[in-house]
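With chain B held as given, fit chain L onto it using these hints.
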Amino acid sequence: MIRWGAATPQKGDPIGTSSVCGQAEEALNSPAMTDVSASAKPSRFSILANPTRFLELSGKLQPWLYGAALAALAVGLTLGLTAPADYQQGATVTIMFVHVPFAWLSMMIWTVMSLSALGTLVWRHPLADVSVKAAAPIGAVFTALCLITGSIWGRPMWGTWWVWDARLTSVFVLFLMYLGLIALTRALEDQSKSAKSSAILVLVGFVNIPIIKFSVDWWNTLHQPASVLRVDGPAMPAAYLTPLLVSAIGFTLLFFALHLTAMRTEILRRRVAALSRLAARRAEA
Amino acid sequence: MQADYFAFIASAYGISALAILGLAIWVFLDARAQRGALKALEAQGIRRRSQAGGSLDTAAEAGR
Numbered sequence: 100m101i102r103w104g105a106a107t108p109q110k111g112d113p114i115g116t117s118s119v120c121g122q123a124e125e126a127l128n129s130p131a132m133t134d135v136s137a138s139a140k141p142s143r144f145s146i147l148a149n150p151t152r153f154l155e156l157s158g159k160l161q162p163w164l165y166g167a168a169l170a171a172l173a174v175g176l177t178l179g180l181t182a183p184a185d186y187q188q189g190a191t192v193t194i195m196f197v198h199v200p201f202a203w204l205s206m207m208i209w210t211v212m213s214l215s216a217l218g219t220l221v222w223r224h225p226l227a228d229v230s231v232k233a234a235a236p237i238g239a240v241f242t243a244l245c246l247i248t249g250s251i252w253g254r255p256m257w258g259t260w261w262v263w264d265a266r267l268t269s270v271f272v273l274f275l276m277y278l279g280l281i282a283l284t285r286a287l288e289d290q291s292k293s294a295k296s297s298a299i300l301v302l303v304g305f306v307n308i309p310i311i312k313f314s315v316d317w318w319n320t321l322h323q324p325a326s327v328l329r330v331d332g333p334a335m336p337a338a339y340l341t342p343l344l345v346s347a348i349g350f351t352l353l354f355f356a357l358h359l360t361a362m363r364t365e366i367l368r369r370r371v372a373a374l375s376r377l378a379a380r381r382a383e384a
Numbered sequence: 002m003q004a005d006y007f008a009f010i011a012s013a014y015g016i017s018a019l020a021i022l023g024l025a026i027w028v029f030l031d032a033r034a035q036r037g038a039l040k041a042l043e044a045q046g047i048r049r050r051s052q053a054g055g056s057l058d059t060a061a062e063a064g065r
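As they're listed, the protein sequences go chains B and L. Per the working numbering, the very first residue in the first sequence carries number 100; after that it's consecutive. Per the working numbering, the very first residue in the second sequence carries number 2; after that it's consecutive.
No lab work stands behind these hints: they were computed from the structure. Don't take each hint at face value.
Said to hold, decoys possible - With a straight-line Cα cutoff of 35 Å, these simulated DSBU-like cross-link-like pairs (lysine-lysine) come out: (1) LYS312/B x LYS295/B; (2) LYS159/B x LYS292/B; (3) LYS40/L x LYS292/B; (4) LYS159/B x LYS40/L; (5) LYS295/B x LYS40/L; (6) LYS295/B x LYS159/B; (7) LYS312/B x LYS292/B.
For reference, chain B alone in the conformation it holds in the complex (with noise of 0.2 Å):
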């Protein structure tokens, strides 16, 4: 048996945190996901403005996504199950090797949709408000996923499944949160002003992450201090180290393989609705 982490009694989880610009308001308004290849000065910034363009990229970058994903799960949840037993966790310490991913993840993916929040806000790009839409639902099953595996954990280690203590509260929270986007990003039919209460709702709830990450600092809590992202680097040996890390790679990248899928799906959607109103327009005329 080797050592997980810090030499405190109960182990948990480290906690680390881990879309652009400027094209017309009424591309980022139109439900068709406008075109605006004929935009005078296209930038670098400006080129994944393009609904057309970002489907034809996003499409040749998926399989690359999903397979590297895969590569990387599979070493790194092999090396998981396969690392020795923790000299206090026991066996359940391989539980680490999926709830500490979830855990970062459901932090990044918020991190994530607040950058898109700001393309939404400041740059108005037509793709931003796509992107949050598309991430919230894989975000709030990862959260979902670090407070059920957390909890499996917590049973025979704590000796309850569950605490309201920081950590656990906080991450309860978010995964709130999250559903309560679902339901905003899917509540009314104007997109535009869908747009804009999400991305305010996104950036507003960001003050959260933060709040996640140092609940266990700032408290007195039964979760773990961080184990891996410390000032004096990570308190774990490599055979745990290295499984987590690529681990959190290969969920990491699921994640945005996930994310590409339901962005190029969100995009369809709208040409399909508006495609279907000109189609009853159509017919009654």
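Chain L in isolation, oriented as in the chain B frame:
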């Protein structure tokens, strides 16, 4: 030690695998549904203006 915690480990990995698989299936079925809906509309002759030879806007936008 391993046997003591097997149920916890198996349930953590099992639930994770099921949830991610379910998410992936939902994402791919949704994508397939939208592609099918778009093809059905295009089969009716309803196309984006850019596809019909236009440059900037969609047929839907032009029809406003």
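For a quick check of understanding: which of the numbered hints are violated here, in increasing order?
none
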